[in-house]
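K.L.:
Sequence:
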Amino acid sequence: MKKRWILLPLFLLPLLACGSDATSPEGETVVLVHGLGRAPASMAVMAQRLKWAGYHVAVVSYDSRTTSLHEQAAEVAAVVAGCCVEANKVHFVGHSLGGLVIRRYLADHRLPSLGRVVLVTPPNQGSMFVDWLSEVPLAAEVLGPVGSALGTDSTDIPARLPPPDYDVGIIAGNRAVHPIGPVVIRGPDDGIVSIEQTRIGDVPMIILPRSHAFIMNSRHAADATIRFLRTGSFEEGAG
Numbered sequence: 001m002k003k004r005w006i007l008l009p010l011f012l013l014p015l016l017a018c019g020s021d022a023t024s025p026e027g028e029t030v031v032l033v034h035g036l037g038r039a040p041a042s043m044a045v046m047a048q049r050l051k052w053a054g055y056h057v058a059v060v061s062y063d064s065r066t067t068s069l070h071e072q073a074a075e076v077a078a079v080v081a082g083c084c085v086e087a088n089k090v091h092f093v094g095h096s097l098g099g100l101v102i103r104r105y106l107a108d109h110r111l112p113s114l115g116r117v118v119l120v121t122p123p124n125q126g127s128m129f130v131d132w133l134s135e136v137p138l139a140a141e142v143l144g145p146v147g148s149a150l151g152t153d154s155t156d157i158p159a160r161l162p163p164p165d166y167d168v169g170i171i172a173g174n175r176a177v178h179p180i181g182p183v184v185i186r187g188p189d190d191g192i193v194s195i196e197q198t199r200i201g202d203v204p205m206i207i208l209p210r211s212h213a214f215i216m217n218s219r220h221a222a223d224a225t226i227r228f229l230r231t232g233s234f235e236e237g238a239g
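Just so you know, our numbering puts the end of the sequence shown at 239, numbered straight through with nothing missing.
In short, the hints are calculated from the structure, not lab data.
Misleading hints may appear alongside valid ones.
The calculated lysine to any residue pairs, modelled on SDA-like cross-linking and capped at a C-alpha distance of 20 Å, are [claimed, not checked]:
| # | residue 1 | residue 2 |
| --- | --- | --- |
| 1 | Lys51 | Ala87 |
| 2 | Lys51 | Pro164 |
| 3 | Lys89 | His56 |
| 4 | Lys89 | Glu71 |
| 5 | Lys89 | Gln48 |
| 6 | Lys89 | Pro164 |
| 7 | Lys89 | Leu111 |
| 8 | Lys89 | Ala39 |
| 9 | Lys51 | Ala39 |
If you anchor each label on the Cβ, the simulated ranges turn out as follows [stated by the list, open to error]:
| # | residue 1 | residue 2 | range |
| --- | --- | --- | --- |
| 10 | Pro40 | Thr231 | 22 to 30 Å |
| 11 | Ala81 | Pro137 | 35 to 43 Å |
| 12 | Asp108 | Pro209 | 30 to 38 Å |
| 13 | Val142 | Arg199 | 35 to 43 Å |
Note that beta-carbon positions come from the ideal geometry of N, C-alpha and C, so glycine has one too.
Generate the whole structure from the sequences, applying the supplied hints.
P.N.:
Spelled out as structure tokens, the structure:
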């Protein structure tokens with residue numbers, strides 16, 4: 001009997017880790033889109049926490065370095081067509097470039113079952129770090145056509161995306177794990193994007209002490225995402 005009590009916390013851990021309430025989002029699917037140079041596995045922790053919270057989860061796989069933004073958005077469309085036809089609601093969560101891919105997809109597609117959207121460290125106003133990289137030899141080959149167009153110029157991708165007309169929230173980070181970002185980026189930043197560059201007008205935002213590369217693995221980011229998907233707010237007790 002004593003061994004059972006010792007093992008009990010291990011069974012409860014998944015329920016406690018996601019920080020969610022007992023409300024089950026039955027029939028709701030969350031589509032996850034990874035960032036530049038990443039893979040679906042980079043969203044695995046977020047995916048698991050969303051599953052623990054009761055959501056169905058679909059993860060988009062796309063080539064972030066060789067395809068165009070429209071081709072990347074087409075990959076989202078294919079996943080939605082395959083996974084979400086019967087879903088009561090379809091939510092979207094994107095990390096970094098993935099957030100802009102979602103914005104491109106939603107600008108081109110009307111989704112009657114659209115729920116809410118969470119953009120995690122998105123370069124909504126471009127990235128000064130990308131501006132700096134554009135001066136580095138061979139950087140364009142590493143970033144690819146879309147990554148190279150994530151700067152702050154009026155001709156870059158972020159400036160040319162239409163503003164959202166759906167329920168969206170933003171999660172930004174303010175910790176940098178490498179020394180270059182804070183040098184070339186003005187204001188608090190996550191090493192790649194400044195907090196101000198993630199903003200879209202008065203869209204709700206929460207700022208977490210996490211870096212750009214790993215924020216989507218944070219329990220706090222997952223908690224904030226789940227809270228926003230359920231209530232449309234990042235505030236505790238909302239909804």
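K.L.:
Hint compliance check: list the failing hint numbers for this structure, sorted ascending.
P.N.:
Hint check: 2, 4, 8, 13 fail, others pass.
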